[in-house]
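6 protein chains.
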Amino acid sequence: MFKHEKHLLQEVKIDAPNPNYAAMLQEQLGGPQGELKAALQYLSQSFRINDHEIKDLFLDIAAEELAHMEMVATTVNMLNGHTPDANRATVGNVQAHVLSGLSPMLTNASGQLWTAAYVNCTGDLAADILSNIAAEQRAKVVYEYLHRQINDKGVRDTIDFLLNREEAHNSLFREAFNRIQDTGSQKDWGVTEDSKLYFNLSTPGKYFDLNNPKPTSFNNPNPQNDRPMN
Amino acid sequence: MFKHEKHLLQEVKIDAPNPNYAAMLQEQLGGPQGELKAALQYLSQSFRINDHEIKDLFLDIAAEELAHMEMVATTVNMLNGHTPDANRATVGNVQAHVLSGLSPMLTNASGQLWTAAYVNCTGDLAADILSNIAAEQRAKVVYEYLHRQINDKGVRDTIDFLLNREEAHNSLFREAFNRIQDTGSQKDWGVTEDSKLYFNLSTPGKYFDLNNPKPTSFNNPNPQNDRPMN
Amino acid sequence: MFKHEKHLLQEVKIDAPNPNYAAMLQEQLGGPQGELKAALQYLSQSFRINDHEIKDLFLDIAAEELAHMEMVATTVNMLNGHTPDANRATVGNVQAHVLSGLSPMLTNASGQLWTAAYVNCTGDLAADILSNIAAEQRAKVVYEYLHRQINDKGVRDTIDFLLNREEAHNSLFREAFNRIQDTGSQKDWGVTEDSKLYFNLSTPGKYFDLNNPKPTSFNNPNPQNDRPMN
Amino acid sequence: MFKHEKHLLQEVKIDAPNPNYAAMLQEQLGGPQGELKAALQYLSQSFRINDHEIKDLFLDIAAEELAHMEMVATTVNMLNGHTPDANRATVGNVQAHVLSGLSPMLTNASGQLWTAAYVNCTGDLAADILSNIAAEQRAKVVYEYLHRQINDKGVRDTIDFLLNREEAHNSLFREAFNRIQDTGSQKDWGVTEDSKLYFNLSTPGKYFDLNNPKPTSFNNPNPQNDRPMN
Amino acid sequence: MFKHEKHLLQEVKIDAPNPNYAAMLQEQLGGPQGELKAALQYLSQSFRINDHEIKDLFLDIAAEELAHMEMVATTVNMLNGHTPDANRATVGNVQAHVLSGLSPMLTNASGQLWTAAYVNCTGDLAADILSNIAAEQRAKVVYEYLHRQINDKGVRDTIDFLLNREEAHNSLFREAFNRIQDTGSQKDWGVTEDSKLYFNLSTPGKYFDLNNPKPTSFNNPNPQNDRPMN
Amino acid sequence: MFKHEKHLLQEVKIDAPNPNYAAMLQEQLGGPQGELKAALQYLSQSFRINDHEIKDLFLDIAAEELAHMEMVATTVNMLNGHTPDANRATVGNVQAHVLSGLSPMLTNASGQLWTAAYVNCTGDLAADILSNIAAEQRAKVVYEYLHRQINDKGVRDTIDFLLNREEAHNSLFREAFNRIQDTGSQKDWGVTEDSKLYFNLSTPGKYFDLNNPKPTSFNNPNPQNDRPMN
Ligand SMILES: [Ca+2]
Ligand SMILES: [Ca+2]
Ligand SMILES: [Ca+2]
Ligand SMILES: [Ca+2]
Ligand SMILES: [Ca+2]
Ligand SMILES: [Ca+2]
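Chains as they are written, first to last, in the UniProt record's numbering: chain D, 1 to 230; chain Z, 1 to 230; chain H, 1 to 230; chain F, 1 to 230; chain X, 1 to 230; chain G, 1 to 230.
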């Protein structure tokens with residue numbers, strides 16, 4: 001079960017309201033690389049996991065992503081300010097002015113409604129962890145894009161924090177991968193001839209070969225975690 | 001530009017029509033881990049890539065995924081047979097009987113329409129390749145699930161081929177990652193205190209530590225590819 | 001921020017796996033009247049609420065809905081069992097067999113992906129609370145429908161609990177409404193001639209009059225709450 | 001069956017074209033609180049209603065909402081004017097300029113396509129009427145937001161009319177509720193211990209109690225309607 | 001404005017309830033070739049039409065499609081019967097049993113929610129009429145598919161009527177096209193070299209030539225309509 | 001199968017970057033009348049076609065539409081330039097700045113994600129060809145709208161080419177229709193009384209009659225194609 005505490009995981013501030021940037025920041029509230037997606041992806045995956053260590057990691061991070069979602073939403077809310085003026089908007093999403101009364105919404109920066117199509121859950125731990133590593137990397141990239149569009153120091157500090165947390169999650173997911181890397185969809189990899197072929201279907205150009213396909217394995221970022229802690 | 005050749009990348013056969021299984025196999029035609037998604041994800045990503053080697057790889061694989069899509073759709077079409085009987089369907093998607101005249105459709109196994117929400121494209125090579133690695137792994141998992149639901153030898157052979165090709169693509173994407181691994185979103189990783197914290201928000205239990213976050217790096221499946229071939 | 005505790009809000013049990021009913025129960029996990037919708041609706045609304053009493057109520061209930069979501073998902077997971085056999089499915093959603101490896105999904109009973117279009121958030125407290133009252137009533141109705149489709153005692157106990165909690169939430173939202181009933185969109189109601197007209201546009205038949213429009217007000221279920229407690 | 005008459009329910013005028021505001025006003029044509037949603041929600045609910053008085057009321061209002069939809073669409077069309085110039089647009093939805101040739105569209109103010117996910121229909125009269133009361137209140141709120149973004153007298157008159165009609169519908173739905181308030185999902189309310197609990201899951205703060213849950217009942221706005229008219 | 005009359009455009013009957021077929025018939029209520037789509041497409045297109053004859057035709061047919069929608073929904077409602085039993089369902093859409101209390105829904109036969117993505121409206125009369133001709137032809141095809149899946153005489157009579165009305169609409173739209181065939185997007189057709197090329201991109205095989213591109217023109221089904229009637 | 005060649009079907013150029021127009025041009029990449037829709041509609045339809053001449057035509061054009069999609073995407077990419085500045089955007093879609101790193105996306109001009117709801121495939125050749133004729137006409141219209149919003153000579157040349165190719169496809173689809181015009185849904189047309197009725201449901205006004213409904217037939221733009229070439 002979840003319990004809510006009124007304080008944020010980390011305090012957020014803004015220098016000044018900025019409804020245009022509020023609309024852009026919506027991307028990480030209700031977009032495909034946003035905090036809601038991350039929280040619900042890891043939570044969804046957790047329901048069928050048997051490995052209690054991995055399950056705990058997924059839930060630790062899912063809970064943190066909910067906390068990030070709160071931080072982003074609170075920042076959007078502050079940036080929306082108190083002066084509704086849709087006509088002065090210069091970016092896409094005017095829903096806050098005409099639909100939600102300046103409340104943060106579950107949409108991306110263009111007003112596309114959040115959809116569970118963003119969530120990947122396969123029931124295979126290797127596939128799910130790789131999905132999460134990719135998701136964290138994409139989230140970092142979007143925060144980098146958002147960072148370069150704003151000078152507000154308060155907002156930048158929040159983005160910095162969130163961006164760095166994605167790195168932390170990413171590293172943790174890789175350690176989790178190392179623990180389960182010989183299981184599930186990682187097994188029986190590259191044993192057929194078909195798995196060794198390269199079809200050069202776009203021409204001109206061929207720059208890669210494939211002689212020795214092996215299942216994914218990461219270099220170990222935190223060797224001390226190779227063995228479970230408990 | 002694309003050119004079409006009438007023959008399939010690899011011939012497909014079925015032992016007998018099986019409309020229920022046709023509906024299930026739709027998953028890899030119009031579902032989130034299916035061939036259309038893969039083709040359009042790699043194609044979308046390719047448009048802004050400057051590195052001509054990586055771009056060629058993405059397009060080689062995108063073209064192959066289109067060829068896979070044809071193989072899956074042709075198999076669905078054969079499995080749908082010639083006897084429309086929606087009432088005898090025992091799985092979800094009856095659209096083939098009442099909407100498309102037994103044509104394959106751009107939906108998943110439950111009839112959910114394909115959506116570009118399945119496609120991830122960030123303009124950052126590291127993030128995009130990690131997305132592709134995860135996508136290939138998930139696609140393999142879905143083919144494994146489909147494999148265990150059918151005894152038809154022709155269908156199984158096709159699934160085997162497609163499943164093994166996902167492994168090949170996955171290995172190639174990892175090699176591509178190794179070539180660009182110090183660029184873009186991989187830079188300046190783990191340098192802040194925030195990137196080293198672990199928030200133990202789900203209790204009881206804590207099984208991971210995070211002392212030394214590093215950007216993603218894979219063990220090299222094909223060392224001879226470390227240096228570009230050309 | 002949110003913290004997760006491993007135990008459920010209330011323990012769930014099933015008598016036996018039942019994949020068909022698992023698919024139906026998905027309705028309250030990822031459907032329009034389901035627990036995810038409720039949690040995210042109340043959470044979304046809370047971000048801009050100034051009244052700290054109402055805000056706390058919304059967050060108390062939002063957190064509980066997340067806990068309900070976990071209960072439903074855990075039950076779905078148990079009902080899915082361990083034997084994937086999509087061909088024996090007799091209801092709509094076969095995604096669990098071919099996509100998610102028997103994991104619960106963020107879809108309704110027919111496989112439609114969850115969408116933020118289910119969430120209403122207007123920034124007006126009266127409108128939002130009325131939305132929540134209606135949402136709770138609809139959720140109760142869907143649990144009643146689900147209850148009559150199953151004899152499994154464990155599942156019925158869980159549904160009973162959840163159904164009764166919707167009643168509790170509903171009553172609480174009405175009390176909240178009574179506290180704010182003269183504010184926002186409740187003001188200046190029924191003062192124009194236009195607000196008193198009845199257009200009898202469907203014929204034959206006219207059974208209602210409208211002489212004296214007034215803003216919504218509920219009979220008070222818990223008079224002791226009329227005055228804030230603190 | 002429906003018959004169409006060429007004249008509008010009430011004439012609409014504008015002072016001057018205003019493509020930006022046209023895009024905003026789309027919200028009430030193709031948005032979640034808009035006229036199409038209202039019309040189709042009440043019409044959908046009507047199909048299974050046995051109570052001929054309630055059924056007539058739902059259809060009276062559904063037909064009126066279609067008439068409102070025409071008024072909104074006609075106003076949008078006039079506001080779009082005759083000079084396509086997408087580059088001077090300062091709000092979200094440019095579809096009118098590049099897709100529909102300045103025709104009104106079935107989208108909200110940000111271009112999100114209308115979806116039946118906006119429509120609630122449960123087959124339970126109490127739940128459906130509560131849904132309608134909430135829908136009317138939300139529609140009023142959106143009209144208030146739209147009103148404050150425009151000075152055009154013609155548009156303001158139309159919004160005033162539509163806003164007041166939502167109040168009229170709201171009052172009528174409440175009277176309908178009073179007639180059926182002891183039926184369906186209103187029965188057996190608050191009889192279990194579970195329905196009387198308050199889980200204080202968000203802390204700090206607790207401002208409500210729940211001792212005596214009762215089914216929803218409204219103060220009667222039009223006592224003379226308590227007894228059916230016929 | 002629209003007025004509703006309680007009687008249907010044509011009475012509908014069923015021989016016996018048939019929830020499975022009810023789910024299939026949903027296709028023409030809430031699917032891409034269904035009655036709601038047709039009604040809203042023609043209504044949407046009508047808002048900007050200046051030609052009062054064409055506009056009247058579009059609205060005549062839009063109103064009739066609403067009446068068809070009522071006939072389909074009423075039939076679905078009767079076919080759903082009074083015995084909810086989702087477990088005996090053998091087709092996709094179980095929403096009627098667990099969500100809508102056996103009410104007809106705005107979804108297709110697999111439970112996909114209706115979306116305005118089905119509606120085409122370009123503001124160009126030639127393009128819109130061609131869209132409508134194609135839409136009517138597709139609707140006829142889906143009714144043919146539905147006809148062959150049912151023996152119920154009452155249902156077949158209703159389908160026969162609706163199918164034949166699509167033919168009538170189709171013929172009328174062609175007459176409308178003949179009246180406007182030299183306007184809008186029909187002008188300046190085939191004057192460039194590019195419009196005369198044939199790219200033989202799929203091989204082997206080439207079976208068509210293109211020497212003399214001309215704008216669309218139909219053989220005239222009703223010559224007496226060539227001159228407007230008024 | 002598909003093979004990719006690195007050169008475009010026709011070279012594209014731009015005079016200068018123009019991120020606003022890039023967003024508008026997205027309409028023909030990921031919108032309902034865009035190149036992706038066309039390619040996937042014709043490809044989807046081709047899978048069940050038996051007539052090898054028609055099948056080849058559909059695949060010739062499907063492959064060309066993929067080539068068009070590349071031309072549009074390459075142009076969008078060039079127009080997006082290298083200077084991300086979402087705040088200076090004056091049209092709807094800011095996703096390129098905050099989500100995709102200036103990559104072209106599978107969305108329309110307002111950021112709505114591409115959906116397979118845009119694709120019509122019925123398995124009936126007459127209906128499918130009519131759908132394609134309408135689709136080509138709508139695509140031409142959208143290119144006309146896009147043409148009048150830009151002065152960039154390079155972009156205009158590309159639009160000119162694409163617009164004229166839609167005309168070519170349109171003419172070819174009509175020839176294909178003439179070859180199959182007495183088959184499938186074209187048969188048994190207009191033989192019932194119901195198919196000859198006109199319901200004058202929108203008043204005042206009646207300007208069409210329907211005495212002699214016949215199946216669709218086009219005037220022949222290229223008589224020499226009446227007989228298949230092979
Ligand atoms: Ca190549
Ligand atoms: Ca933990
Ligand atoms: Ca009436
Ligand atoms: Ca509390
Ligand atoms: Ca060819
Ligand atoms: Ca008329």
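Don't take every hint at face value.
One copy or two, it doesn't matter: identical chains are merged, so the pair holds either way.
Result set (DSS-like, lysine-lysine): computed pairs, CA atoms no more than 25 Å apart in a straight line [what the hints assert, rightly or not]:
no., residue 1, residue 2
1, Lys3, Lys55
2, Lys3, Lys214
3, Lys187, Lys6
4, Lys153, Lys55
5, Lys55, Lys13
6, Lys206, Lys196
Keep in mind the hints are simulated off the structure, nothing from the lab.
A quick look at each hint next to the structure:
no., hint, result
1, Lys3 <-> Lys55, "both (18 Å within a copy, 15 Å between copies)"
2, Lys3 <-> Lys214, "neither (43 Å within a copy, 27 Å between copies)"
3, Lys187 <-> Lys6, "neither (45 Å within a copy, 31 Å between copies)"
4, Lys153 <-> Lys55, "neither (36 Å within a copy, 28 Å between copies)"
5, Lys55 <-> Lys13, "between (33 Å within a copy, 20 Å between copies)"
6, Lys206 <-> Lys196, "within (15 Å within a copy, 36 Å between copies)"
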